[in-house]
Amino acid sequence: MQIDFHYYAAYCAAVLAGFSHEESMSICYADQFTDHCTKTFLAQVKGPESAATTQTQMELMKARTDIFGLQDMTRIWASFHFLPFDLSAPRKKGTTRLYMNKYRLICNPNGVLVKEMVEKAKGKDLQAIGVAMHVLSDTWAHRYFAGTPSLVINNTDYYFYELVEENGKEIEKPVVLKHNPTAKDNTETQKYTGSIFQGDEDSIMNLGHGRAGHLPDYSYAKYKYLPAWGDYEEIVKDNPADYYNAFCQMIYALRYLRGEEGECFELNRYSFDTAEPYKERIMSIIRKRQTVASEDWKEFGQSLIGCAIEDFDINKYVREYVSAPESDKAKTYLGKFFLAAIEHKSMVANRIFSSGSLLAGVSKDYLSMSRRSRARINRLLKKMGLEERAQ
Amino acid sequence: MSTSRRVISFLSGLAMLLVAVILAVSPEEALEAVIGLIGLSLLVSGLRLIIYFITMAKNMVGGRLILYKAIILTDLGIFTGLMASVPPVYALFYLYAGIAFSGVMDIMKAFEEKKYSLSGWRLRLYFGVLKILIIVPGLLLSESFHAMVYIYCAGIVHSAAERISTAFRNDEVVYIDL
Chain W
1 MQIDFHYYAA YCAAVLAGFS HEESMSICYA DQFTDHCTKT FLAQVKGPES AATTQTQMEL
61 MKARTDIFGL QDMTRIWASF HFLPFDLSAP RKKGTTRLYM NKYRLICNPN GVLVKEMVEK
121 AKGKDLQAIG VAMHVLSDTW AHRYFAGTPS LVINNTDYYF YELVEENGKE IEKPVVLKHN
181 PTAKDNTETQ KYTGSIFQGD EDSIMNLGHG RAGHLPDYSY AKYKYLPAWG DYEEIVKDNP
241 ADYYNAFCQM IYALRYLRGE EGECFELNRY SFDTAEPYKE RIMSIIRKRQ TVASEDWKEF
301 GQSLIGCAIE DFDINKYVRE YVSAPESDKA KTYLGKFFLA AIEHKSMVAN RIFSSGSLLA
361 GVSKDYLSMS RRSRARINRL LKKMGLEERA Q
Chain H
1 MSTSRRVISF LSGLAMLLVA VILAVSPEEA LEAVIGLIGL SLLVSGLRLI IYFITMAKNM
61 VGGRLILYKA IILTDLGIFT GLMASVPPVY ALFYLYAGIA FSGVMDIMKA FEEKKYSLSG
121 WRLRLYFGVL KILIIVPGLL LSESFHAMVY IYCAGIVHSA AERISTAFRN DEVVYIDL
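Protein chains in written order, with my numbering: chain W, 1 to 391; chain H, 1 to 178.
Read the hints as simulated data drawn from the structure, not as lab findings.
The hints are all genuine.
In silico negatives: residues of chain H with every beta carbon more than 10 Å from chain W: (1) G13; (2) G39; (3) I50; (4) L82; (5) S102; (6) V136; (7) S142; (8) F168.
Dumping the calculated BS3-like pairs for lysine-lysine here, alpha-carbon to alpha-carbon at most 30 Å: (9) W:K120 - W:K316; (10) W:K62 - H:K114; (11) W:K62 - H:K115; (12) H:K109 - W:K178; (13) W:K62 - H:K109; (14) W:K92 - W:K237.
Everything numeric in this text was worked out from a predicted model, so none of it was measured.
Every residue, glycine too, gets a C-beta built ideally from N, C-alpha and C.
Work out the full structure, taking the sequences as your base and the hints as a guide.
The structure is reproduced here in structure tokens:
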């Protein structure tokens with residue numbers, strides 16, 4: 001997903017869930033900022049490196065391709081953009097543990113981690129809610145791909161067709177995935193840019209949906225293809241339906257976070273009723289053949305409560321964070337975002353590690369740490385002006 | 001390209017330069033070792049792919065292509081290794097064929113890169129054409145074993161230069177913002 005959904009649609013969902021304009025702006029900013037918080041940015045603002053929620057192209061190109069580099073990538077991409085659906089998926093016949101470790105990282109909506117993530121965000125800052133909304137909506141757009149470099153999971157081949165409606169009939173049009181970095185995607189001729197085929201299992205070209213180009217990010221796109229992991233069974237990816245579900249699930253999750261939907265966050269539950277009066281308009285935005293739908297979502301968002309939605313500015317909160325004294329940094333907008341990001345990343349990395357996979361590195365539960373390690377963490381938190389995590 | 005890969009590319013270039021010097025100094029003895037090394041590296045690549053196929057790629061759509069590639073590489077590795085026991089002149093012809101094949105692959109890649117508007121295509125084309133041109137005098141002087149060896153050494157030096165220049169080249173890859 002892109003800025004249109006992560007920023008403007010997230011704002012709309014927050015408003016429809018009952019948040020004020022200011023609160024909705026904070027939520028959607030954190031949602032979109034998840035696509036910008038790179039190590040490069042963190043170095044500029046002198047933020048904690050472990051709070052990185054994404055990687056720039058340059059960072060990926062320079063990334064180490066040894067196990068530590070891959071673990072770093074997996075921690076970032078699996079945590080924030082390709083949340084694994086089922087880390088305990090039963091072993092398929094004839095597969096090795098090595099294969100299953102990657103297979104289990106395949107992203108899909110309504111997994112147990114989504115529930116855990118949303119429930120953990122309850123009672124937290126708006127930044128944590130924004131991060132959770134980013135991850136939740138990406139489980140819909142990025143489904144069927146894994147947040148780790150993997151040829152055997154993320155590869156696609158020539159069997160790739162867009163399903164386009166013409167004269168009331170749905171027809172198949174072959175998708176051509178080119179590798180020209182300067183070419184723009186052509187929504188009319190089905191010529192898109194995708195990453196180059198690399199036979200290396202761990203090449204960055206095989207990270208996430210790179211091999212399928214930007215198609216998963218375009219809300220209008222409906223297409224079918226053979227996923228590398230799918231035993232030659234084709235998958236029809238219906239983005240318009242998925243994006244609408246993502247929007248309605250976001251509203252439900254946000255209502256839950258406001259304390260309006262009971263104690264437990266339920267999977268496969270959507271606030272269709274809340275979105276119903278606007279369904280036609282929302283679907284028209286989603287179905288419009290355009291690569292970025294920001295303007296349409298912005299217009300819709302502004303019409304909801306009549307407040308202007310300012311454009312996303314990556315530097316909006318930088319001055320506040322940089323000028324804050326060390327002990328108050330955690331109380332700034334970015335400070336809260338960094339903490340939310342670290343906490344979420346730690347949770348996902350821990351679940352991956354607990355599933356018996358080292359793909360996201362070694363992770364320990366805070367409570368199972370030695371007294372000495374806990375004391376060290378608490379000292380760090382105290383230095384940042386935060387209360388101790390556990391006594 | 002990551003720093004570690006650049007270092008590997010640079011060091012392998014230096015190692016190739018060293019091999020070229022040794023080969024030029026004592027052709028008979030070194031030729032056997034060079035053929036053995038090439039055979040061994042092909043064999044290791046093939047076996048690595050076989051292991052990759054068994055552990056991962058057999059579950060992948062189109063994974064059999066990896067198996068075919070693995071078999072071809074393993075076969076080539078064994079075949080190259082056996083070349084160490086044939087008369088050196090014939091072994092040299094085989095090595096020349098290897099350079100020619102590599103040159104043709106470079107030219108094909110260069111045209112592909114040109115299609116994708118990648119700026120490094122000219123350099124790749126130059127290296128490809130040069131590889132083919134290098135073997136021409138070698139074939140013309142095929143009656144002199146030493147002349148053939150020296151020309152082959154020039155080919156190795158050229159490949160080493162390619163690796164070293166790759167280590168210092170700017171990155172240009174097609175990557176999708178996820």
